[in-house]
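Chemist: Each chain, written out:
2 protein chains.
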Amino acid sequence: MMSDLTPPTRRELLSMIGKIGGGVAMYQAMTALGHAAETQFVGPPKLGGARPGSTVLVLGAGLAGMVAAYELTKAGYKVQVLEYQDRPGGRNYSVRGGDKIVEVGGVTQTVGFAPGNYLNPGPWRIPHHHRSLLHYCKLFGVELEPFIQNNHNVFVHKANAFGGKPQRYKELAVDFKGHVSELLGKSLSAGALDAKVSKEDKEKLIEALREWGALDGNLSYASSLTVSSQRGYDQAPGGGVNGAPTPSKLNGLSDVLSSGVWTQMAFYFNYVMQTTMFQPKGGMDMIGKGFYREVGKMVRLNTKVTKLAQDDKGVTASWQDLKTGQMGESKADWCVCTIPLPVLSQLDLQVGPKMKAAIKAVPYANQVKIGLEMKSRFWEENYSIYGGHSFTDQAIGLISYPNNNMFKDGPAVLLGAFASGAGAYQLAGMTPEQRIEAALAQGSVFHPAEYRREFLNGASVPWPRMPWILGCTSRWSDASRAEHYQNLVAFDGRIALAGEHASYYGGWMEGSLLSGLDAIERLHQKAMAT
Amino acid sequence: MMSDLTPPTRRELLSMIGKIGGGVAMYQAMTALGHAAETQFVGPPKLGGARPGSTVLVLGAGLAGMVAAYELTKAGYKVQVLEYQDRPGGRNYSVRGGDKIVEVGGVTQTVGFAPGNYLNPGPWRIPHHHRSLLHYCKLFGVELEPFIQNNHNVFVHKANAFGGKPQRYKELAVDFKGHVSELLGKSLSAGALDAKVSKEDKEKLIEALREWGALDGNLSYASSLTVSSQRGYDQAPGGGVNGAPTPSKLNGLSDVLSSGVWTQMAFYFNYVMQTTMFQPKGGMDMIGKGFYREVGKMVRLNTKVTKLAQDDKGVTASWQDLKTGQMGESKADWCVCTIPLPVLSQLDLQVGPKMKAAIKAVPYANQVKIGLEMKSRFWEENYSIYGGHSFTDQAIGLISYPNNNMFKDGPAVLLGAFASGAGAYQLAGMTPEQRIEAALAQGSVFHPAEYRREFLNGASVPWPRMPWILGCTSRWSDASRAEHYQNLVAFDGRIALAGEHASYYGGWMEGSLLSGLDAIERLHQKAMAT
Chain G
0 MMSDLTPPTR
10 RELLSMIGKI
20 GGGVAMYQAM
30 TALGHAAETQ
40 FVGPPKLGGA
50 RPGSTVLVLG
60 AGLAGMVAAY
70 ELTKAGYKVQ
80 VLEYQDRPGG
90 RNYSVRGGDK
100 IVEVGGVTQT
110 VGFAPGNYLN
120 PGPWRIPHHH
130 RSLLHYCKLF
140 GVELEPFIQN
150 NHNVFVHKAN
160 AFGGKPQRYK
170 ELAVDFKGHV
180 SELLGKSLSA
190 GALDAKVSKE
200 DKEKLIEALR
210 EWGALDGNLS
220 YASSLTVSSQ
230 RGYDQAPGGG
240 VNGAPTPSKL
250 NGLSDVLSSG
260 VWTQMAFYFN
270 YVMQTTMFQP
280 KGGMDMIGKG
290 FYREVGKMVR
300 LNTKVTKLAQ
310 DDKGVTASWQ
320 DLKTGQMGES
330 KADWCVCTIP
340 LPVLSQLDLQ
350 VGPKMKAAIK
360 AVPYANQVKI
370 GLEMKSRFWE
380 ENYSIYGGHS
390 FTDQAIGLIS
400 YPNNNMFKDG
410 PAVLLGAFAS
420 GAGAYQLAGM
430 TPEQRIEAAL
440 AQGSVFHPAE
450 YRREFLNGAS
460 VPWPRMPWIL
470 GCTSRWSDAS
480 RAEHYQNLVA
490 FDGRIALAGE
500 HASYYGGWME
510 GSLLSGLDAI
520 ERLHQKAMAT
Chain D
0 MMSDLTPPTR
10 RELLSMIGKI
20 GGGVAMYQAM
30 TALGHAAETQ
40 FVGPPKLGGA
50 RPGSTVLVLG
60 AGLAGMVAAY
70 ELTKAGYKVQ
80 VLEYQDRPGG
90 RNYSVRGGDK
100 IVEVGGVTQT
110 VGFAPGNYLN
120 PGPWRIPHHH
130 RSLLHYCKLF
140 GVELEPFIQN
150 NHNVFVHKAN
160 AFGGKPQRYK
170 ELAVDFKGHV
180 SELLGKSLSA
190 GALDAKVSKE
200 DKEKLIEALR
210 EWGALDGNLS
220 YASSLTVSSQ
230 RGYDQAPGGG
240 VNGAPTPSKL
250 NGLSDVLSSG
260 VWTQMAFYFN
270 YVMQTTMFQP
280 KGGMDMIGKG
290 FYREVGKMVR
300 LNTKVTKLAQ
310 DDKGVTASWQ
320 DLKTGQMGES
330 KADWCVCTIP
340 LPVLSQLDLQ
350 VGPKMKAAIK
360 AVPYANQVKI
370 GLEMKSRFWE
380 ENYSIYGGHS
390 FTDQAIGLIS
400 YPNNNMFKDG
410 PAVLLGAFAS
420 GAGAYQLAGM
430 TPEQRIEAAL
440 AQGSVFHPAE
450 YRREFLNGAS
460 VPWPRMPWIL
470 GCTSRWSDAS
480 RAEHYQNLVA
490 FDGRIALAGE
500 HASYYGGWME
510 GSLLSGLDAI
520 ERLHQKAMAT
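Each protein sequence line maps, in turn, to chains G and D. First residue of the first sequence? That's 0 in numbering that gives the first Met the number 0, and the numbers climb one at a time after it. First residue of the second sequence? That's 0 in numbering that gives the first Met the number 0, and the numbers climb one at a time after it.
Some hints could be false.
Each pair may be met inside one copy or between any two copies, as identical chains are not told apart.
Computed cross-link-like contacts, PhoX-like style, restricted to lysine-lysine with a CA-CA straight-line distance of at most 20 Å [to be verified]:
| no. | residue 1 | residue 2 |
| --- | --- | --- |
| 1 | K157 | K203 |
| 2 | K296 | K77 |
| 3 | K407 | K137 |
| 4 | K185 | K195 |
| 5 | K73 | K198 |
| 6 | K374 | K137 |
What the hints contain is simulated information worked out from the structure, not anything from laboratory work.
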């Protein structure tokens with residue numbers, strides 16, 4: 000709301016610029032206004048009016064498909080969405096007590112979680128800079144709560160480090176930066192870097208290393224209360240007569256290096272992993288359900304597309320209703336196809352060789368997630384761990400502590416595995432029962448007294464064995480990007496592909512949304528031009 | 000609950016050990032059980048029964064006084080609590096719309112915040128290892144929510160760095176570790192540290208620096224998409240045709256050093272500042288109110304103690320009712336005195352010279368906090384900042400973004416200053432109006448377009464000018480600890496002191512509680528022995 004007495008807000012200013020100059024101008028203006036270039040999202044697309052009677056067929060009711068349907072409908076297009084599954088959301092979903100997880104070949108788990116508990120098999124955390132996702136969450140009333148990404152009190156485990164005994168992240172990380180600081184400080188003091196660092200910078204840097212690394216007066220990293228005020232104490236500070244703390248022992252350089260803790264330290268600095276992060280209250284599927292409240296009436300569930308054809312007039316999708324067996328066709332002027340590539344590559348698809356080659360060029364990651372319902376939150380009460388991840392070099396990769404209902408009594412679902420690479424192949428190849436047993440055996444390394452004792456039940460989602468996607472997320476290589484990416488995202492006649500695979504944010508909901516928005520902006524331009 | 004078929008839980012085991020061997024045995028057992036020595040709290044005290052008719056007078060209804068009153072009453076003591084203020088909680092409080100803030104000399108602010116908004120003038124964040132505080136929060140039904148301590152997207156500002164332009168923490172921190180890694184990597188490669196680092200460690204450490212520092216193949220820290228995947232991009236990744244990101248420019252070593260970012264990097268590693276942290280939902284005073292629900296009936300508010308005397312039979316406190324002017328006396332067998340030292344030092348107190356000297360030996364910090372109510376959460380919408388602190392070398396010290404009601408519309412209270420040292424003296428010396436103006440002028444450096452435009456009203460709490468405490472928190476030096484600490488906490492006849500000042504957790508609620516618990520355990524021992 001503006002009056003001529005009030006200077007425009009940034010959003011209003013950007014909106015004005017966007018109306019005049021479009022998205023690119025708005026993006027440049029954002030940067031010029033001094034804000035970090037955090038996102039390509041500059042607000043929902045302003046498509047203007049569609050030609051009367053224009054129709055769009057959207058394949059897939061995941062986030063890319065639903066955001067396309069939502070914004071196209073707002074612009075005046077008539078939209079139909081065909082969805083293979085019996086629910087919307089795609090990988091944006093949560094499994095709860097009573098849900099069935101069906102794998103390729105028919106192996107079926109029935110989830111036993113208590114009411115209110117859930118596992119987010121797909122996306123599970125939202126970066127603060129994923130502005131399009133945050134925009135639609137707010138628009139659709141999806142409440143978010145903090146996702147505790149970076150917890151200093153979690154464990155790091157490596158079979159060949161510390162005799163296989165997990166160490167607290169804070170101890171390893173403080174020791175790592177302490178040793179690094181000592182070594183660099185002594186190098187600088189000895190003049191070994193005088194050719195590279197000016198005298199003034201050298202003095203400042205030594206001072207920095209002393210403070211950051213908690214070094215002593217000799218630039219040594221040595222056990223002291225100062226160091227313990229970072230890595231923790233042998234006896235913690237207290238009150239009254241026996242309140243005095245005692246310092247903890249330090250790990251030597253070789254031990255710290257054996258832990259590989261720099262991998263975790265770097266992980267927390269990953270742009271998409273940096274705090275502050277969020278999750279929807281009540282489960283990740285709240286986002287898909289938020290979209291579905293808006294577009295549900297245009298979505299046909301349980302509908303398996305078998306063929307997508309096109310000519311210069313429009314597109315035709317042939318499909319079968321999975322509940323009734325009914326066969327049918329849907330026609331429209333344009334198609335936004337968000338079917339994941341491993342499934343799309345098996346479809347009778349009338350597109351040219353370039354898009355076909357691109358569809359086949361992108362392998363999918365094969366993550367496995369396992370949820371373990373425990374009787375109580377022993378990790379909170381006994382270990383002072385509230386959210387965050389304990390990492391291991393075993394197949395499970397990590398265990399992650401729930402961010403909801405902290406301090407509450409009653410059963411809670413721990414993420415017992417987030418496996419990728421070779422570990423995921425191992426776990427995906429097992430039966431559901433074997434997977435749970437592996438998760439219990441491997442996770443016990445962190446919480447040996449409690450892990451099996453508190454276990455109630457578990458559920459696993461092996462992505463490569465999910466029949467509706469046959470993989471978890473696209474994994475472009477630099478080479479495949481260079482050769483195929485533009486061929487994947489370019490319109491082929493009247494068909495555009497969208498989804499995280501058609502973005503540079505592979506595996507993130509933000510990629511799905513930005514891809515869907517980009518596809519419909521181009522669709523609208525083509526529709527208005529023809 | 001145990002049966003002979005179930006192995007005891009850790010808590011049950013510790014409880015058994017505690018019953019047999021007391022707190023020290025329990026503490027040793029905790030350590031032996033492989034849990035980090037995170038706290039001296041091993042559960043509430045097990046005092047056993049008091050002698051019938053035993054009485055305790057508690058001075059001060061802050062957390063130390065109320066936990067003493069609560070646990071002593073449970074053990075069978077008859078307790079009276081005298082409190083100077085018209086509310087319980089002491090420094091554990093929140094100011095809300097309509098509240099009055101009265102300074103020494105009578106200067107009074109009436110707080111203008113909207114309903115539901117608050118400022119926590121005293122404690123505002125709870126470490127995950129402050130187990131006694133977490134215990135009583137759970138016991139009294141005080142709901143906690145995450146306090147976003149470590150936000151990578153906040154700003155760091157120094158007047159003499161980057162031409163006074165604030166920089167994002169993530170950019171400075173990634174650049175700092177990049178340059179540190181490059182310099183150490185090149186030192187190692189050149190053999191400058193061969194005398195200190197084994198060949199095997201050297202290879203591992205170079206690999207570690209390459210990954211952690213995001214170095215290139217030549218061990219150089221250079222602009223690339225890899226580095227940008229940590230510090231952020233020039234153009235962020237997106238979807239569709241224009242999805243490709245572009246790398247950001249890096250800051251050179253001199254510029255990074257001018258920012259002093261290592262101070263923030265070290266701050267986040269401070270044991271009491273490490274994630275995960277919490278705050279009570281609805282305001283910090285929920286904790287004091289939780290205690291007060293239990294002990295309120297023994298508390299006499301508005302009661303100014305003027306004298307505390309003792310003989311070999313008991314203690315006598317002389318007081319005046321601040322509302323009615325009534326004078327009175329309260330007698331008991333024992334006294335736990337939690338009056339802050341700057342006030343206690345002015346009291347007619349019948350204790351020996353050692354305790355008197357200790358009371359006078361501890362200076363108090365002089366923090367100032369300022370709350371600024373803003374029309375909207377522009378820091379979230381325009382800057383993608385959700386909680387956390389933007390630091391500055393100006394008097395205000397930092398601004399901190401609210402952790403409650405994220406993504407909501409309507410006014411929100413920003414912490415506009417958390418000043419200490421010289422900055423706090425400056426701000427405390429100002430009128431309330433001048434303080435708000437200073438906070439707006441200085442905080443504008445972070446959010447120049449919005450800060451004054453969105454401002455609604457503000458409130459300040461200058462701790463050295465609060466008549467009931469005359470300072471913020473105790474600040475022991477190593478020298479004063481060595482000389483006076485044990486004299487401060489030791490019983491003087493029938494009087495024991497408690498509070499954060501009688502702990503090694505100065506300024507933390509955990510210190511108040513552990514101090515109060517230690518005092519009553521010793522009180523009980525003395526009471527049973529006499």
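Chemist: Hints first: check each against the structure and report whether it holds.
Modeler: Hints, verified against the model:
1. Proximity of K157 to K203 under the C-alpha cut-off of 20 Å is restricted to the inter-copy arrangement: shortest distance 15 Å between copies versus 36 Å within a copy.
2. In the homo-oligomer, the alpha carbons of K296 and K77 lie at most 20 Å apart inside one protomer (12 Å), although the nearest pairing across protomers, at 68 Å, exceeds that limit.
3. Taking the shortest Cα distances, K407 and K137 sit within 20 Å of each other only across copies (9 Å), while inside one copy they are farther apart (27 Å).
4. Taking identical chains as interchangeable, the C-alpha atoms of K185 and K195 lie at most 20 Å apart whether they share a chain (15 Å) or sit on different chains (10 Å).
5. In this assembly of identical chains, K73 and K198 lie within 20 Å of each other by CA distance neither inside one copy nor across copies; the values are 62 Å within and 65 Å between.
6. For the homomeric pair K374 and K137, the shortest alpha-carbon distance between copies (18 Å) is at most 20 Å, but the shortest distance inside one copy (34 Å) is not.
When held up to the earlier numbered hints, the structure conflicts with hint 5 and nothing else.
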